[in-house]
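Colleague: Residue-level listing of the chains:
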Amino acid sequence: MNKWKRLQILALLMVFSLLAAACGGGNGGTGTNTGSTNSSKNNTQAEGGSADNVKLRIMWWGSQPRHEATLKALEAYTAKNPHVTFEPEYSGMDGYLDKLSTQAAAHNEPDIFQMDPGWISDWTSRNQLEELDSKVKLDELTPSLLPIGQRDGKQYGVPLGSVAFGMIYDKAALEKLGATMPKDGWTWDDFFALAEEVKPKLAEGQYFTLDYAGNYFMFSAYHYAKGKGTLITEDGKFNIDEATFLEWTKKFEQLRKDGLVPPADLNASDKEMDPTADLLVNGKILFRYSFSNNYTTWDSMKEGAYDLVTMPRAEEAGGWLKPSMYFSLSPNSKHKEEAAKFIDWFINDPEAGAILGTARGVPANAKIAESLIPKLPEGEKVGMKLIDATTPDGQIFTTGPEGWVNFIDKDFPLVRDELSFGRTTPEKAYESLKKAAQEYE
Amino acid sequence: MINPFKRYRIDSLFIICFAGLITIVLAITVWTSYAMTSRELADNTSYYQKRLLEELNNEITGRLTSIEQISLTTSRDNDLLTFLSGKEDEFNHYRRSKGIQEALAHLTYSIPQIQAIDLYMEQPEWGDRQSYIQFHELKAAEAQPWYPLLQNNDFSWSEEHDLTTYNGNVQVLSFSRKVYNNSRYLGILVVHVKADWIRGILEGYSKDSNRMLLDLNGRELLSVGTSMKDAGLQEHDLRFKDQSGVLRLHTQPHGVEPLVVYSKVADSNWMLVEITPWERITSGSVKLAGAIITIGIGALLLAFLLTLWLSRQLLKPIAQLVRAMKNYDVGGKQAELAGDYTNEFGILFAGFRRLNERIQALYASLAQRYEQQRKAEIEALQANINPHFLYNTLDQLNWMAIAEGQEKMSRILELMGRMFRIGLSHGESFITIDEELTHVACYLEIQQIRWEDGLEYEVQASQEVRNLFIPKMTLQPFVENSIIHGFNARQSGRIQIKAEEEDGRVRMTITDDGSGLAPESKGSHRRKGGYGIRNVRERFSAFFNENYEIHVKDGEFEGVVVTIIFPRLEEAQT
Numbered sequence: 001m002n003k004w005k006r007l008q009i010l011a012l013l014m015v016f017s018l019l020a021a022a023c024g025g026g027n028g029g030t031g032t033n034t035g036s037t038n039s040s041k042n043n044t045q046a047e048g049g050s051a052d053n054v055k056l057r058i059m060w061w062g063s064q065p066r067h068e069a070t071l072k073a074l075e076a077y078t079a080k081n082p083h084v085t086f087e088p089e090y091s092g093m094d095g096y097l098d099k100l101s102t103q104a105a106a107h108n109e110p111d112i113f114q115m116d117p118g119w120i121s122d123w124t125s126r127n128q129l130e131e132l133d134s135k136v137k138l139d140e141l142t143p144s145l146l147p148i149g150q151r152d153g154k155q156y157g158v159p160l161g162s163v164a165f166g167m168i169y170d171k172a173a174l175e176k177l178g179a180t181m182p183k184d185g186w187t188w189d190d191f192f193a194l195a196e197e198v199k200p201k202l203a204e205g206q207y208f209t210l211d212y213a214g215n216y217f218m219f220s221a222y223h224y225a226k227g228k229g230t231l232i233t234e235d236g237k238f239n240i241d242e243a244t245f246l247e248w249t250k251k252f253e254q255l256r257k258d259g260l261v262p263p264a265d266l267n268a269s270d271k272e273m274d275p276t277a278d279l280l281v282n283g284k285i286l287f288r289y290s291f292s293n294n295y296t297t298w299d300s301m302k303e304g305a306y307d308l309v310t311m312p313r314a315e316e317a318g319g320w321l322k323p324s325m326y327f328s329l330s331p332n333s334k335h336k337e338e339a340a341k342f343i344d345w346f347i348n349d350p351e352a353g354a355i356l357g358t359a360r361g362v363p364a365n366a367k368i369a370e371s372l373i374p375k376l377p378e379g380e381k382v383g384m385k386l387i388d389a390t391t392p393d394g395q396i397f398t399t400g401p402e403g404w405v406n407f408i409d410k411d412f413p414l415v416r417d418e419l420s421f422g423r424t425t426p427e428k429a430y431e432s433l434k435k436a437a438q439e440y441e
Numbered sequence: 001m002i003n004p005f006k007r008y009r010i011d012s013l014f015i016i017c018f019a020g021l022i023t024i025v026l027a028i029t030v031w032t033s034y035a036m037t038s039r040e041l042a043d044n045t046s047y048y049q050k051r052l053l054e055e056l057n058n059e060i061t062g063r064l065t066s067i068e069q070i071s072l073t074t075s076r077d078n079d080l081l082t083f084l085s086g087k088e089d090e091f092n093h094y095r096r097s098k099g100i101q102e103a104l105a106h107l108t109y110s111i112p113q114i115q116a117i118d119l120y121m122e123q124p125e126w127g128d129r130q131s132y133i134q135f136h137e138l139k140a141a142e143a144q145p146w147y148p149l150l151q152n153n154d155f156s157w158s159e160e161h162d163l164t165t166y167n168g169n170v171q172v173l174s175f176s177r178k179v180y181n182n183s184r185y186l187g188i189l190v191v192h193v194k195a196d197w198i199r200g201i202l203e204g205y206s207k208d209s210n211r212m213l214l215d216l217n218g219r220e221l222l223s224v225g226t227s228m229k230d231a232g233l234q235e236h237d238l239r240f241k242d243q244s245g246v247l248r249l250h251t252q253p254h255g256v257e258p259l260v261v262y263s264k265v266a267d268s269n270w271m272l273v274e275i276t277p278w279e280r281i282t283s284g285s286v287k288l289a290g291a292i293i294t295i296g297i298g299a300l301l302l303a304f305l306l307t308l309w310l311s312r313q314l315l316k317p318i319a320q321l322v323r324a325m326k327n328y329d330v331g332g333k334q335a336e337l338a339g340d341y342t343n344e345f346g347i348l349f350a351g352f353r354r355l356n357e358r359i360q361a362l363y364a365s366l367a368q369r370y371e372q373q374r375k376a377e378i379e380a381l382q383a384n385i386n387p388h389f390l391y392n393t394l395d396q397l398n399w400m401a402i403a404e405g406q407e408k409m410s411r412i413l414e415l416m417g418r419m420f421r422i423g424l425s426h427g428e429s430f431i432t433i434d435e436e437l438t439h440v441a442c443y444l445e446i447q448q449i450r451w452e453d454g455l456e457y458e459v460q461a462s463q464e465v466r467n468l469f470i471p472k473m474t475l476q477p478f479v480e481n482s483i484i485h486g487f488n489a490r491q492s493g494r495i496q497i498k499a500e501e502e503d504g505r506v507r508m509t510i511t512d513d514g515s516g517l518a519p520e521s522k523g524s525h526r527r528k529g530g531y532g533i534r535n536v537r538e539r540f541s542a543f544f545n546e547n548y549e550i551h552v553k554d555g556e557f558e559g560v561v562v563t564i565i566f567p568r569l570e571e572a573q574t
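Line order of the protein sequences matches chains A and B. Note that the working numbering has the first sequence beginning at 1, numbered continuously upward. Note that the working numbering has the second sequence beginning at 1, numbered continuously upward.
Just so you know, these hints were derived from the structure itself, not from any lab. Hints may be right or wrong, so weigh each one.
[Said to hold, decoys possible] Restricting the straight-line Cα-Cα distance to at most 27 Å, the calculated cross-link-like pairs of lysine-lysine (DSSO-like) are:
1. Lys98(B) - Lys435(A)
2. Lys334(A) - Lys87(B)
3. Lys237(A) - Lys257(A)
4. Lys435(A) - Lys226(A)
5. Lys334(A) - Lys194(B)
6. Lys207(B) - Lys55(A)
7. Lys80(A) - Lys55(A)
8. Lys194(B) - Lys55(A)
9. Lys428(A) - Lys237(A)
10. Lys98(B) - Lys428(A)
11. Lys410(A) - Lys435(A)
12. Lys284(A) - Lys257(A)
13. Lys257(A) - Lys98(B)
14. Lys251(A) - Lys135(A)
15. Lys410(A) - Lys87(B)
16. Lys336(A) - Lys137(A)
17. Lys284(A) - Lys98(B)
18. Lys6(B) - Lys326(B)
19. Lys98(B) - Lys410(A)
20. Lys139(B) - Lys72(A)
21. Lys72(A) - Lys154(A)
22. Lys98(B) - Lys434(A)
23. Lys98(B) - Lys250(A)
24. Lys98(B) - Lys139(B)
[Stated by the list, open to error] From the derived model, a few chain B residues whose C-beta atoms are all more than 12 Å from chain A:
25. Arg39
26. Leu72
27. His161
28. Thr393
29. Gly454
Keep in mind the model is a prediction, meaning the values are calculated, not measured. Where a beta carbon is used, it is the ideal one built from N, C-alpha and C, also for glycine.
Could you put together the complete structure from these sequences and hints?
Modeller: Okay, structure coming up:
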């Protein structure tokens, strides 16, 4: 009888549980949902972050090796933080700023984007960057790289590395021509003399260097070397020395006449670091300017053919060290915390450092740079050598005054093209630059 | 056929009946609810899908139209026309190409839905491989997937295809437009729109739906989920008539074939089609049916328990009764039946108890009877022994009487022997009337010998009557009675014995001429008769129940008349 009673109770319990299950059947979905959110919450609690899955948009410019290294770093971060995924947008330098500016105007810029040192002051003045001091650990970064990313003592751009401005040349081709090899610390006179020297040896369709007559950076280097300082003063004044400008442009006018720089249409078709359109890669020119970190890109296209050399000097050094680029955070980002955490990882984590190498120059994080340099592969050591050669008396890099970006990006290139296509004379070119500068002063 | 209610155990019957009923009700409920709700759901689904598709259609039309307008505006741009015409010097051409590239790039920057813009032209120069804007040779257009559609049109939308870009392959829909300047064919402007964007609109907020975007000719441009071909739907399906509609796809058995809803909107060049698998529409019904089944199983279990409990409650007394009956032991200890039942079971129990008591009583009387019978048998056995001893002794006495010359005594002994023989007659209860008359005659002869004349008797009986049967020793007690009491203190007497048949019965009459019955005050001895007569009465009562008559009366003038009436018997009764 006892057994029977127990059976009864058991069966009753079973019936009720069944009924409960039937009533709960409709809610099955929500049941499992809460289960999964619980588990994900646990995950993130373990990692100390917020609960939801986050997709971060990130944008940068660069060459193929930089894209690859960066994508690998993103992958590594997602592997460590499964709730964070990325939507990367990357391209070459051309159009990058246009695109970023357009998106920013629509408040649709990526959460994280790479900034050139020269843009930061403009962007901060329009409140288009998010303050980062409180969000990213900056202690280990090389102090000299920080000020350019700051405004009113607050950090708006986190420096990613530093590079040296110098030249890359086709060592193999020069050897073949039997020409003198450039040495670190060479002068502009050496540079133009070398052009003379190779002139008779150049093959058909082969040139000494690009038409740099109207190139802002190359002329800056020449201007610096001649001891004339920056092209625009810190307080926003047109500072191009007329004599130096004419000297420079006339030298290139001569090179153009001598066939040592490519004709205008070919010169215009040059795309830096593009495997098909880069004239150095195509074997059409011997010299072009380069930042120390870009060596690996060229090296990857024609291994062992190239070498770096310091920017030629005169009274002063021609080259300089500069912060390569910065990461900034969008004030419109919906995931500022996660984005800042990623930036922090990107600059401070040894794993990220190892993946990125010197894709953005010598890492800004001194500790990582220190641990990284001895282990660098051969290719990246070439860039380090240029930095070392530039460091002792290199020019001090400035971003220039606010509001001159268009002068550098629009007015100077127009003069460059007019000079290249022979549409203007050096004198007229100087006049039009001076006139254009008045709008910015 | 055997009635199952007579054959199977009651608890099983209970459970089967209840479970069967519930199962049938359950099955009907499940089927009805499934059939009704699934039809209702399909109607609802198609109605709302149609509305939704129309909304989406309007939205997509709006978006695609704006892309077409951008393409149109761009193609009418003077800079672009000048650039394409190629009638400028190199520097201006170069500067203009930069300008065009920048302007077009700005379109892609400010309209992120535009993946890229291609320009097919005579002299494509100064392109940038990494740019969103690409200049191509006009001839290269022929290899493009959208080119055939442009043959007979000035503009057209392509189907979804892969676009190779600097950042890898991207799925795009391309809007291509021929660019003319004063009827001079200059090139083709192709705007690549991100397919994911349109797919996103198409998908809306309903994930995992199967929708496709078709042009009015039924050509599939893009799909979300299953493509038209995978779903088994023909391009240019003739069933897509009128504005919007619903149909079933005939690719699978009728019960499960997917639901197809399509929508066309008046001012739109597009048609949207949504295919919904039947099981998704009916998933609600299936869930409902599942819930009903679960509840039903619960009810079944409950019913099982209830019937089990009920049948146990009902069967408990029956089981008690069955047990009591099984273990019934006459005279032994009786199983106790619960005493608190007052319903039918109470009556049943009481009946059983009463029956038991009756059986006990009967059994006791049977035992007593048996005991008596045993005693009688022993007596009979003893009596069987006595006669032989008696015959032998009588025989010896006879011989002694003959030897002594006592002829009378010898005769008496001989008659006695005869009487005994008839009286015993092997233990039979019935003898023929003839024998009975012989027996009484022997007795009377003995009395005659004792009386030495003075006693007369007469026997009247036909031969037929003599062959009939009668309980033995019936007449002797009455005759003895007449002699001892009727002729007491007299020297003579006469006895007449008559046997006759009357209405199928036998009437025996013994008439004497003795003193008659004594007055009542003197005692009722003769009237009632002594032991012998009482014995006769008792035996007659035992043999014939009420079917006999024995009357003892005073004669008309003198003496006593005894009348004995009993059934006519042709054979001895056992």
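Colleague: It remains to establish, for every hint, whether it holds in the given structure.
Modeller: Cross-check of the supplied hints:
no.: 1; hint: Lys98(B) - Lys435(A); in the structure: 23 Å, holds
no.: 2; hint: Lys334(A) - Lys87(B); in the structure: 50 Å, violated
no.: 3; hint: Lys237(A) - Lys257(A); in the structure: 33 Å, violated
no.: 4; hint: Lys435(A) - Lys226(A); in the structure: 23 Å, holds
no.: 5; hint: Lys334(A) - Lys194(B); in the structure: 24 Å, holds
no.: 6; hint: Lys207(B) - Lys55(A); in the structure: 19 Å, holds
no.: 7; hint: Lys80(A) - Lys55(A); in the structure: 14 Å, holds
no.: 8; hint: Lys194(B) - Lys55(A); in the structure: 19 Å, holds
no.: 9; hint: Lys428(A) - Lys237(A); in the structure: 20 Å, holds
no.: 10; hint: Lys98(B) - Lys428(A); in the structure: 23 Å, holds
no.: 11; hint: Lys410(A) - Lys435(A); in the structure: 14 Å, holds
no.: 12; hint: Lys284(A) - Lys257(A); in the structure: 17 Å, holds
no.: 13; hint: Lys257(A) - Lys98(B); in the structure: 25 Å, holds
no.: 14; hint: Lys251(A) - Lys135(A); in the structure: 50 Å, violated
no.: 15; hint: Lys410(A) - Lys87(B); in the structure: 25 Å, holds
no.: 16; hint: Lys336(A) - Lys137(A); in the structure: 15 Å, holds
no.: 17; hint: Lys284(A) - Lys98(B); in the structure: 23 Å, holds
no.: 18; hint: Lys6(B) - Lys326(B); in the structure: 20 Å, holds
no.: 19; hint: Lys98(B) - Lys410(A); in the structure: 11 Å, holds
no.: 20; hint: Lys139(B) - Lys72(A); in the structure: 39 Å, violated
no.: 21; hint: Lys72(A) - Lys154(A); in the structure: 30 Å, violated
no.: 22; hint: Lys98(B) - Lys434(A); in the structure: 23 Å, holds
no.: 23; hint: Lys98(B) - Lys250(A); in the structure: 26 Å, holds
no.: 24; hint: Lys98(B) - Lys139(B); in the structure: 22 Å, holds
no.: 25; hint: Arg39; in the structure: 21 Å, holds
no.: 26; hint: Leu72; in the structure: 22 Å, holds
no.: 27; hint: His161; in the structure: 22 Å, holds
no.: 28; hint: Thr393; in the structure: 78 Å, holds
no.: 29; hint: Gly454; in the structure: 94 Å, holds
Hint violations for this structure: numbers 2, 3, 14, 20, 21, all remaining hints satisfied.
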